[in-house]
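Asks: Sequence:
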Amino acid sequence: MRKTFHIAFLRAAMALLLISVIHPLQFARAHELDELLNEAAKNNPDLLAAKWRAEQMLLRHQELLEFFDPSITVAAGQAERSRSIPGASGYSALTNNATELQAGIDMAMEPGFYIAFGASERVYNDPDKYDYLAQTLFGVRIRVPLLRNRGFRNLSIEREMALAEYNAAVSSLLDVAQRLRRDVTLAYIAAYESLSSYKVTQEATVRFERLVNEAKDLNKLKVIPEYQIFDAQMDLQLGLENEEIARNRFALNIITLSSLIGGHRQVTLKNGPDILFQIASETKKLDEITMEEALENRGSYLQVKNNLEYARAQIASAMEEQKDDVTFNMGVSWQGEMHDHFDGSFKYSTDRHIGADASVIWKRTLDYRGPRARQARFDARIQQLKENLRSVAVDIDVQRRNAINNFRTALSRIDIVSKGIEASQKTLAAEQERFRLGEGTSSNVTDAQKELTSLQQRRTSAAADLLRAKTNYLFAIGYNGEE
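Taking my numbering, the leading residue of the sequence shown gets 2, the next gets one more, and so forth.
Hints listed in this document are in silico derivations from the structure and should not be mistaken for laboratory results.
Please read these numbers as outputs of a predicted model, since none were measured by experiment.
Beta carbons: idealized from backbone N, C-alpha and C, even for Gly.
Do not rely on the hints blindly, as some may be mistaken.
[To be verified] Straight-line Cα separation of at most 25 Å, DSS-like style, residue types lysine-lysine; simulated pairs: (1) Lys387 / Lys306; (2) Lys285 / Lys306; (3) Lys217 / Lys427; (4) Lys420 / Lys286; (5) Lys200 / Lys420; (6) Lys324 / Lys364; (7) Lys420 / Lys387; (8) Lys271 / Lys43; (9) Lys306 / Lys52; (10) Lys217 / Lys451; (11) Lys200 / Lys306; (12) Lys200 / Lys427; (13) Lys451 / Lys200; (14) Lys285 / Lys420.
[Claimed, not checked] DEER-style ranges, computed between Cβ atoms: (15) Lys387 / Gly273: 25 to 35 Å; (16) Ala430 / Asn44: 42 to 52 Å; (17) Gly78 / Ile362: 18 to 28 Å; (18) Trp53 / Thr291: 30 to 40 Å; (19) Ala109 / Gly78: 20 to 30 Å; (20) Arg266 / Arg211: 35 to 45 Å; (21) Lys387 / Ile246: 20 to 30 Å; (22) Met235 / Asp35: 42 to 52 Å; (23) Asp380 / Ser413: 25 to 35 Å.
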């Protein structure tokens, strides 16, 4: 029951971890990203594969319980002039000059000993003084490791390794979940960025079409020469090409977003193209945390740490192998005999029913080259993982600092470009008025329109970069339980 509860608790903790990591950065007045991230948590194949890897490691804890599974042995046969061979193992020795049936149960017991129960029925082939002699035996034997595997040290090490493996798998799951959250959020931002860009190019196309029509009307009134119509028509065609490019970019970003949530459906955006700038205008700062906190939140860093714990457990296993094998053995048995039928309780070949024995057995290999080599290999593995840990820490710090710098730059860009848009709109209005009065050219108007379109695109790009920087920052610090 205790193990079952432990497994259930770990499963619940794993589910809670997923919910907390996948839960999104809240976008103002919209839960669209929330819905997409929930879909990704249910359908993204990489995340589901990571969950199953963690489940495998979870089941490893149950697998180790086989250590305490009792084993039963049954043997039957006949022996003639059988000799005991010291050190031999792998079979049950039968009683010499007898036909025998024997059975026993062997099991490991807490806090660190093995116990065996056995019984046998044998019939001697040519007993002294009797034509027939049947013998019944019951006994119990205890074996206690005194040096190697004392207190089932090997099992404890295997449990440490299993726990480290499970923690590494959960850390890998955390890393996949964090990367998925970042990738879905970035794809979501890119989709709205391309949608906004598409809208800007559409508005630019409308302005070019309006200019062409105005140029034709003014040419009919002899206000402007005909060649100014051609300039406006050329810019209109270029604007139509830009619109098609923007439409295709938007379609590609939608495909990317659909693939990240599992590819089971085509995503359609619910908000308008202005939502990106609205959200960015409400995002003014980042909540900074220490580097140490960021490292402990990141799945990639924790995975290396858990792999390091696994390697340390491997060293403990190699050191345990280098110990001599010393065991204490003791046994008690009852034996009864009968010379004319089975199940007798008489004493013919012995003067007592009860027997006992005790011994200490020492065993070792002539050299521990294998365990020593394994220990050296695991030591090298630990040094490698320490460097990997340092490398991951450097990468996370670079991600964090880059995101902070990009956020500050994007914040300044939005303010600068917004002021530029106000000036550009006034310039465009002035050029349009001059064109209508015949004082300006269509080229002057299209140049002003292009400048406005460029500034609008820049503002969209700055807003998207701001939200990307915040997303990358939250990823760098492991989301830290954010939103």
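Asks: Look at each hint and say if it fits the structure.
Replies: Hint by hint, here is what the structure shows:
1. Lys387 / Lys306: holds, 8 Å
2. Lys285 / Lys306: Distance of about 35 Å is beyond 25 Å: violated.
3. Lys217 / Lys427: holds, 24 Å
4. Lys420 / Lys286: holds, 21 Å
5. Lys200 / Lys420: Judged against 25 Å, a Cα distance of about 20 Å means the pair holds.
6. Lys324 / Lys364: holds, 10 Å
7. Lys420 / Lys387: The hint is violated at about 50 Å.
8. Lys271 / Lys43: Between Lys271 and Lys43 the Cα gap is close to 21 Å, so the pair holds against 25 Å.
9. Lys306 / Lys52: Distance of about 19 Å is within 25 Å: holds.
10. Lys217 / Lys451: holds, 20 Å
11. Lys200 / Lys306: violated, 48 Å
12. Lys200 / Lys427: Roughly 21 Å between the alpha carbons, so the hint for Lys200 and Lys427 holds.
13. Lys451 / Lys200: Answer holds: Lys451 to Lys200 is near 14 Å, not above 25 Å.
14. Lys285 / Lys420: holds, 18 Å
15. Lys387 / Gly273: 25 to 35 Å: Taking Cβ atoms as reference, Lys387 and Gly273 lie about 51 Å apart, which means the hint is violated.
16. Ala430 / Asn44: 42 to 52 Å: Holds, since Ala430 and Asn44 (Cβ atoms, about 50 Å apart) stay within the stated range.
17. Gly78 / Ile362: 18 to 28 Å: Between Gly78 and Ile362, where Cβ atoms are some 26 Å apart, the hint holds.
18. Trp53 / Thr291: 30 to 40 Å: Check passed, 34 Å falls within 30 to 40 Å.
19. Ala109 / Gly78: 20 to 30 Å: holds, 28 Å
20. Arg266 / Arg211: 35 to 45 Å: Given a distance of about 39 Å, which is inside 35 to 45 Å, the answer is holds.
21. Lys387 / Ile246: 20 to 30 Å: violated, 49 Å
22. Met235 / Asp35: 42 to 52 Å: holds, 46 Å
23. Asp380 / Ser413: 25 to 35 Å: Violated: the Cβ-Cβ distance is about 51 Å, outside 25 to 35 Å.
Violated hints, listed in ascending order, are 2, 7, 11, 15, 21 and 23; each of the other numbered hints is respected by the structure.
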